[in-house]
Structures are given as structure tokens and as C-alpha cells.
Amino acid sequence: MATVQVSETALSANDAALTTEMTYAEAIRDALKLEMRRDERIFLLGEDIGIYGGAFAVTRGLFEEFGAERVRDTPISEAAIAGAAIGAALTGMRPVAEIQFSDFMALTMDQLVNQAAKIRYMFGGKAKVPLVMRTPLGSGTGAAAQHSQSLEAWFAHVPGLKVVMPSSPADAKGLLIAAIRDDNPVVFFEHKLLYRVKAAVPTGSYVTPLSQSAVKRAGQDVTVVAFSIMVPRALAAAQRLADEGIDVEVIDPRTLRPLDDTPILESVKKTGKVVIVHEAVGSGGFGGEIAARITESDAFHYLDAPVRRLVGAEVPIPFNPNLERAAVPQEDDIVTAVRRLVREGR
Amino acid sequence: MSYLGILDADLPDLLKTMYHIRAFEEKVDELFMQGAIHGTTHLSIGEEAVPTGALHALRSDDYITSTHRGHGHCIAKGADLNLMMAELLGRESGYCRGRGGSMHIADVDAGNIGANGIVGGGIPIAVGVGLSIHMQQQARVCLCFFGDGAANEGTFHEAINLCSIWRLPVIFLCENNQYGMSMSAKLSMHVASVADRAIAYGIPGESVDGNDVFAVHHAVWQAAERARAGQGPTLIEARTYRYKGHSKSDQNRYRTRAEIDDWRARDPIVIFTEVVRARGVLAPGADTQVRANAYADIEAAYAFALASPEPQVADLLEGVYA
Ligand SMILES: Cc1ncc(C[n+]2csc(CCOP(=O)(O)OP(=O)(O)O)c2C)c(N)n1
Ligand SMILES: [Mg+2]
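Which chain is which? The protein sequence lines are A and D, in order.
FYI, my numbering numbers position 323 of the first sequence as 323, with every residue one higher than the one before it.
FYI, my numbering numbers position 292 of the second sequence as 292, with every residue one higher than the one before it.
Calculated directly from the structure, the hints in this document are not laboratory data.
Since this is a predicted model, take the numbers as computed values, not measurements.
Label pairs and their computed distance ranges (CB to CB):
no. : chain 1 : residue 1 : chain 2 : residue 2 : range
1   : A       : N322      : D       : S60       : 32 to 40 Å
2   : A       : D247      : D       : A36       : 41 to 49 Å
3   : A       : G61       : D       : Q312      : 39 to 47 Å
4   : D       : Q178      : A       : K33       : 27 to 35 Å
5   : D       : Q312      : A       : G92       : 56 to 64 Å
6   : A       : D332      : D       : A36       : 24 to 32 Å
7   : D       : S249      : A       : E21       : 19 to 27 Å
8   : D       : E158      : A       : R339      : 47 to 55 Å
9   : D       : S60       : A       : R240      : 53 to 61 Å
10  : A       : R196      : D       : H190      : 34 to 42 Å
11  : A       : A236      : D       : Q34       : 23 to 31 Å
12  : D       : S132      : A       : N114      : 29 to 37 Å
13  : A       : T203      : D       : V313      : 41 to 49 Å
Cut-off 30 Å, straight-line C-alpha distance, at most; resulting in silico cross-link-like pairs (DSSO-like, lysine-lysine):
no. : chain 1 : residue 1 : chain 2 : residue 2
14  : A       : K33       : A       : K128
15  : A       : K198      : A       : K216
16  : A       : K216      : A       : K270
17  : D       : K248      : D       : K16
18  : D       : K186      : A       : K33
19  : D       : K244      : D       : K16
20  : D       : K248      : A       : K33
21  : A       : K198      : D       : K248
22  : A       : K269      : A       : K216
Which chain A residues face chain D? A few, computed with CB under 10 Å, are given here:
no. : residue
23  : A55
24  : A80
25  : D103
26  : F104
27  : A143
28  : E314
29  : V315
30  : A326
Virtual Cβ for every residue (Gly too), placed ideally from N, Cα, C.
Start from the sequences, fold in the hints, and give me the full structure.
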């Protein structure tokens, strides 16, 4: 490539007056398309992302617009995908890799954890690794134990990585644009069940800053901290609880690392009660980190009930649909947990 | 009497195996279309000659490791069709008690170390099975199925290298069905045949017609002889083709109708049936009876599955640890 075209037109979400209804998958595609048009250094690599359009059809049409040079189908070689992204990022490119299911991130772990995450600090700040790894996570599709996990806590444990988990189409678009423009390795977890969720998304390019937790619903009685698929479930639960006179505040961290905990702590100080909800299993899950932030801060003094976690069961995701459903928190479970915390203090 | 290394008397059984695989998968396809099975599935219709020929070359106490496209391996290994179908329907009576589904059928006691949802995930495990056979001084071998796409995973290279230096009794059998999902094997690797990679590990490599039961059988039989004689692993490529999409959601945007039709014209069951007829081991018309019986067996398996109970939600947490 002879010249590199980069135009810096970062609108904030508020500036984008117009919105369009689109799905979470379309919003992600829109972000990729807008960014690739803006900056020639950005390219995509991954399995079946070209003519096939991606296992979840997220990249459909991008091969047709940008061609095989910038939408690169790879062999089934996740470690090489991650490593190639790192090498390219180190030397002037801005790769966005797709790992077909987040379970296969296990095959990228050395490159991502021992290499990408360490490089900047270990090299004394003399290098940067601006890459994004997009990957779908979560259960609910009947894909069983090796295609349904929620492993975000693994990555949130690693200094040097950023971990993003959008819960809505508008957030997905703005956060992905932010992730692509970020100069660090960002793991971007998309939830399979959210891909078809439709909502208003600002048109044009805009950035939703990383590390900014969002109040998704304001309330006075109890705080629910939720991310990814658990946000729409928590919002639906909050709606039902409102009918019972329980006013729920829903906070979505959106970025797990680096975590913006201030809105969570402020909310807990206001409500005195908190339920943390995630799909991943509880042991070693990110909910433990959020609970610790609350109990280590002055928000602790405002608690009038123990911090509650509502999390995935301690099992691999089973195939049978009834078992699969029972293995992760559903809307009803959130309603029950919040009601009990508010009414019975446990 | 025998033909190309297979006893005439065994031919009807092999035909039955091929029809079982096809009938099973056609039924599964139909059930997915109806939404009666959840999740996804990977069908091997068109590839039946590979497991049929390969497993006929082994003994019943030999091991296999399988893949996401594993129904055929499982059936050719002698699995119980009822328990397979029950697993696909998520029933407690299934091979994995409904916990695994299509991609995870296993029967470790019977030598089926399991299907695998991770591409290339079974290849190093096969080496471990070979190591165990060696350390326990058994006469068994392990047959490792994997796809052309899997041959580009790091696991493939690490595993075969390790297996070759330890000279373990493993047969690496690549089912090259021309695609890893949407990516043509012609584009995903820079060698003409996966078998060419054997050179890199100093082991024998051979590419055979995977739609020919006899060719697959012969190559696997030779590899098994070598393995049992302590001469280490062999890499075999069986060239074949999947008629159906990669999985439930495939729109076949990466290949042409003409290509699919070309391969369908070389259907492994049709080719095999012609040999069976020519050998005169079945009475005229008896092969259609073999076919009809196989389809009836699958309907019976479906009825068994439907009559089986679902797992209890109360048992969700049970069974994680030994
Ligand atoms: C590690 C890993 N990467 C990607 C996938 C997604 N996937 C499942 S099957 C498949 C294609 C495998 O191709 P091949 O090995 O040729 O087997 P085939 O499907 O053709 O039988 C892909 C990409 C996976 N399951 N595991
Ligand atoms: Mg293949």
C-alpha cells in the first residue's frame, strides 16, 4: 500500500443525531466497514470470514467491498491467527481478528497472554500492539460444552489486555470502533444470542469509550451489575420488579478490564443492595472481582445486605436444552434473586 | 474368496454399515430441518467409505479418536444406533446421557475415545492412546480421524512429530473432503496432499481414493500391520467429499453445484454396491433389502430415542468429577 489514509472524525454518540434500527451483528459489521473505509491499515483475518461471511454472518459483504487482501480467510490455525495479528500490529498495521467461537481462544492463549499482553510493558513502552480479537461467547444455542463457554475472566486476569463485552447493538458499534482505535490488544466478546437483537443504533461513526460503565436503568432500591446477555435479561427483570414496587438500577460495566468501578460503587452507596449477574461460572468469575471492589471500598459501609452473585452453574454447558437453560441465569432467576435480596435481605 | 483384501463374506456387512451411516444422517438432517433436534450437526453423507473401509481393517479392541463429523466413525466402530440417536435427541439413555449431543458421542470402554468439537483436538489425544498401548505392551492400535482443515492446526504437527519419535502405534487418517468449512484445501495448504507432510516427520504417507472402501481398507490395514510390529505411525489421506453443507447453517457459497454433482456421480455406496453385485455374494435384489433394513433400523433407533426420558434438571450438577 503506497499511502495510508487516516481521517480522524470521531463523533461522540450524542453528536450522531440519526439512528437506524439494526441488529447487534449488523452494528458490528457497520463498525468494521466504517473503520476500514477510514483507515487502510485496518484489515480482518479469521476462519471463513470471506465469501462465507463468518460463522455468524457478521462479516458478510465485507469481502465483496474490501477484497481478499483486507478480508483474509485463514486456515484453521488459531495460534497463527493471533500471532500474525500481533506481528502485523507491532509493525504498523491494525488487525481485527475473528476467532470463530471464544472457546477456541484457548488455542491463542500463548500468543495473546504471553506475547500480546506483555510486549508493551516488557519492552519498556517501546512498542504497541493495536489489535482486536472479536469472538462470540455464551450458551443457549445447543452447541454444548466446547462451543458455549464464557471465559472472559481468563482475559480480565491479564494486565496488558483490554476486555470488552457489549450488551446492545449501539454499544457494540461504538465500543468496537473504540477498540479498533485503541493502541492495545483488545478482546471483544460478542454474545451469540445477542447477534439477532435489534435496536436503534446511531448512524455514522462514533466512539463509545472503553472503560466507561453505563447506567442502563436508573433505580433507587437495589443495584444489579450485569454485562453482555445478562443486561437485557436484567432490564426485563427490572421491568417486572417495577410492577412489584422494586426500583432496580442496572449497571453495565461494558469493559471488564480496565474496569470503571465508580458508577458501581456510587450506585451501591445509593441502594445499599447489589446483585451481580453473569453467565460464566461463579468460581473465579468476574463477579468476584466486582464484589471485592465493593467490599474493599467505602461502599461497604452502605451495604444493608450481603453482596449477592447470580452466576452460571459449576458445570460444562450441557447439550440437553433443559439442562443448558438451567445452567445459566435466566430472567426469572434474576427476578427471584433481586426480590429475595430486597424483601428478605439475603 | 476375497477381493482386494476383503472377504466376499464380509461385503454384505460393509454395505449395511454404509447404509446405516447414510440413513442415520439423513434422519438427523430431517430432524434438524424440523427443529426436533437443537444445536448443530455435521453430516458425513458422501464420505461413508472412509470409516467403513478403515474400521474393517482393525480389530474390535482397537481404539479410534473421532471428530465433529463423527457419526460415521461411531457407526463403523460398531456403536449402538439406539444410544446414538438418543444422544442426538438429548436423552438420558444416550451415549453421553444427553450431555454431549452430536459433536461429543463417545464410548471409551468400547474403544471410541470420542468425537471432538475442537478441530484437531483429538490428534494429540490419539498419541496418548498410542503411548498407553505401548506402555501397557498391548497389541492394539489407535486410529485417529481428522479433517483436511485440522491438518493446519498446531496440534497436528506437534502430535505427529511426537508420535513418530516415540514410534507409537497410531494411524493418522485424514478425511480430506476438500474443505475445512468454506476453505478449500487447495487454498489452505501449500502441498498437493496432506500425505506429503509425512516426509516432515519421517513416516510413511499415502493418499488414497476415499470413496473406495477397498483402497481405504488396504491402506489402513498396512498401517495397522506396521503399527503392531512396532514400526510407528502412518499418515493416510483419504480423498472424499461431503454432499451436505458444513453444518446446519451453511449456504454453500464457496463451491459450485457442478462440483457437488461430479462427486455425487462417484457415490461411495453406488461404487461399492457395484462390486458387491459383481462378486455375486448377494442374491439379485438383496442389496435393496440391505438398504431397506438399514433404514428400518434407524427408524427403530428414533423410536427408542423418542421413548427415552430426558435428563432431570435436578441432576444438573452431578457428574462433573470422577
Ligand atoms: C479449534 C477450532 N477451530 C475452528 C472450529 C470451527 N470449525 C468446526 S469444523 C471446522 C472445519 C473443519 O474442517 P476439517 O478439519 O476439514 O473437517 P470437516 O468439517 O471438513 O470434516 C471448523 C472451522 C473448531 N470447532 N475448532
Ligand atoms: Mg474437511
